[in-house]
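Participant: So the chains spell out like this:
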Amino acid sequence: MTRAESSFQFMGCVELRQVVGRRALDERELMDRLEEVPLDSVYYHTHGYFLRHRPMSTPYGNDFAAWVAVHVRDMALAERLGVVNPFDSRSLDELRDDLCGIIDDHLARLSTVPRVEFGEPFYFQQAHIVEVALGSPAFTLAEFRTALAEVDASAIYVHMVEARARLRRRTDDFAEWIRGSLHLPELATRIERLDTYMTNLERIRARVLALVDGTLDGGRG
Amino acid sequence: MRIEAYRDVAPRGVVDIIMRLAERVQGKRFLHLSGGRFGAGAAEMLNALVPIMADLGVDAAWEITGGDPQFYATARALTAALTGEERVLTDESLAHYVEMNRINAKKLQLDGDLVLVHDVQPATLVHHRTGHGRWVWRCHLDCSRAHRRAWSFMRSHLSQYDATIFSLPKFARRLNVPQYVIHPSIDPLSAKNRDLPPREVATILGRLRVPTDRPLLVQVGPFTGGADPVGVVNAYRLVKKDHPVRLVLAGTAGDERESLDVLAQLREAATDDEDVIVLELPADAHLQINALQRAAAIVLQKSVREGFGLSAAEAMWKGKPVIAGFAGGLTQQVIYDVTGYTVQSVEGAAFRIRYLLNNPELMARMGATGRELVRRSFLITRHLTDYLALLIHLTR
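Chains as they are written, first to last, in this note's numbering: chain A, 1 to 221; chain B, 222 to 617.
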């Protein structure tokens with residue numbers, strides 16, 4: 001069994017939510033407020049959605065799309081906002097511009113501004129992320145597998161979802177370590193190819209575990 | 222209670238993350254201040270949270286304020302006014318309330334790296350803060366419709382805090398300090414929520430004289446206009462035309478006129494219909510509430526005004542679909558068409574009750590999904606994680 005020179009340390013995170021003090025009752029207000037809130041709030045409502053989303057409810061891709069669908073009941077705008085993949089944007093400013101542009105374009109085609117009638121306003125929030133080291137560092141693929149099976153789901157977010165935005169390329173922390181430290185490029189490539197968009201953290205965990213098991217069963221790693 | 226006891230009920234990995242967070246706050250004192258050790262709300266949660274923090278090695282302490290009858294009356298009036306109820310608040314009574322907390326401050330040990338002040342009664346103790354600790358007001362109330370005078374009074378004291386915490390963004394008001402959002406939680410191992418064997422449920426229902434030969438519709442909550450038990454009776458009457466069901470309304474009656482009027486209406490309904498059962502329970506009837514929720518086919522929380530409304534989470538933890546009013550925190554807990562339904566009217570409640578009774582497989586599926594939602598979002602383990610993260614964040 002290959003023993004890595006540098007270990008892999010799983011990191012989990014806790015999201016501490018904070019009210020921004022802005023709210024929207026209609027789609028124009030949503031756009032206006034979105035233009036002025038801190039970038040941390042843009043991050044919370046887009047990237048953070050994937051940390052909070054539970055597999056039991058309908059996915060919308062970000063909080064803005066979810067609010068427009070559920071509370072304003074404007075499915076046309078919800079669909080357009082929902083396909084914006086925050087991990088494709090080069091910066092939060094660019095992501096904000098994309099979202100505001102979509103709302104602006106949508107409103108330009110309407111004679112009235114859709115608003116909340118029976119639902120709830122949109123409350124802008126932001127989060128402070130507290131990162132936590134979890135478990136013992138893994139030196140082998142077997143140790144990595146054992147830890148991965150047990151860690152809090154937030155670790156999957158940190159290493160597989162958020163890492164793709166942080167590293168600014170289509171890779172993740174797991175693949176980086178498996179390629180660079182365990183010298184298993186085939187497994188790393190397979191993990192990199194997993195589509196982490198619009199699924200949930202437990203499903204991503206299960207897929208990575210299946211790939212790792214395949215390698216371990218084949219006597220590699 | 223030991224943290225390890227929660228490993229079987231919390232989501233995978235959460236106990237480990239709590240233990241790691243606790244390691245990072247070793248040596249820091251986490252002080253809670255509240256108005257009492259008994260009853261629902263903050264006291265119920267602290268009774269569960271503080272012992273677990275101690276088990277984790279966190280230097281957690283819990284102090285309570287005391288006072289004379291006028292102090293308690295003013296604190297109650299202020300609390301009611303903050304939630305939008307009409308109350309008389311005189312300058313003299315407010316001055317006395319502040320003065321009593323000045324005396325409380327002399328008796329209490331107020332040192333802490335993080336001092337969490339729960340709700341109204343101890344709120345003005347912030348003027349007597351000592352040392353380097355951060356002070357945070359933890360509001361368990363919905364202040365969105367607070368009376369102007371009450372909010373203006375509180376606001377002048379809240380500006381002395383380093384931060385505040387509300388249960389939902391919509392419960393907050395404009396303040397000049399950071400406002401965090403932390404949902405309240407239920408303790409899955411408490412008498413109100415722990416697993417009960419069917420035989421124990423049957424025994425408790427027998428003692429309460431609740432027959433189980435028909436599907437039970439259950440609402441647990443205060444007999445007030447806000448919880449709308451009268452609306453539940455009207456919804457039940459619409460359902461009863463087509464389904465043989467029983468309605469159980471369990472709760473406590475206050476000594477205020479509104480509560481007595483509501484209770485009188487419910488008793489009249491129960492007199493006319495033996496399938497309407499009104500149970501006045503003491504505040505500590507946790508096992509009875511547990512058994513009633515477990516025996517229910519559908520749990521209702523048809524409130525028209527509500528705080529966070531954790532009775533919905535309690536019912537979902539027991540695998541029950543919930544039909545809830547579109548109010549307060551119920552909209553956060555009940556995911557429409559997934560864990561139950563939020564409704565805006567008596568007719569809406571009746572329609573959804575009939576729909577679920579005619580689709581029992583849906584009830585089972587919603588119940589199972591609701592339990593998972595509560596496991597991830599509304600258990601005490603998540604609450605503990607948030608508080609420890611707050612302690613780390615504010616004291617680094």
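By construction, these hints were calculated from the structure, which means they are not laboratory data. Everything numeric in this text was worked out from a predicted model, so none of it was measured. Ideal Cβ positions, reconstructed from N, Cα and C, are used throughout, including at glycine. Be a bit skeptical, because a hint or two may be false.
To be verified - To spell it out: a stretch of chain A is covered by chain B in this simulated footprint if at least three of its residues, at any positions, have a beta carbon under 8 Å from a beta carbon of chain B; those stretches are:
hint, stretch
1, 137-144
2, 152-162
Unchecked claim - Label pairs and their calculated CB-CB ranges:
hint, chain 1, residue 1, chain 2, residue 2, range
3, A, Met75, B, Gly257, 45 to 51 Å
4, B, Asn579, A, Met75, 50 to 56 Å
5, B, Leu508, A, Ala149, 45 to 51 Å
Participant: Could you tell me which of the hints above the structure violates, numbers in ascending order?
Facilitator: Per hint list: 1, 4, 5 violated.
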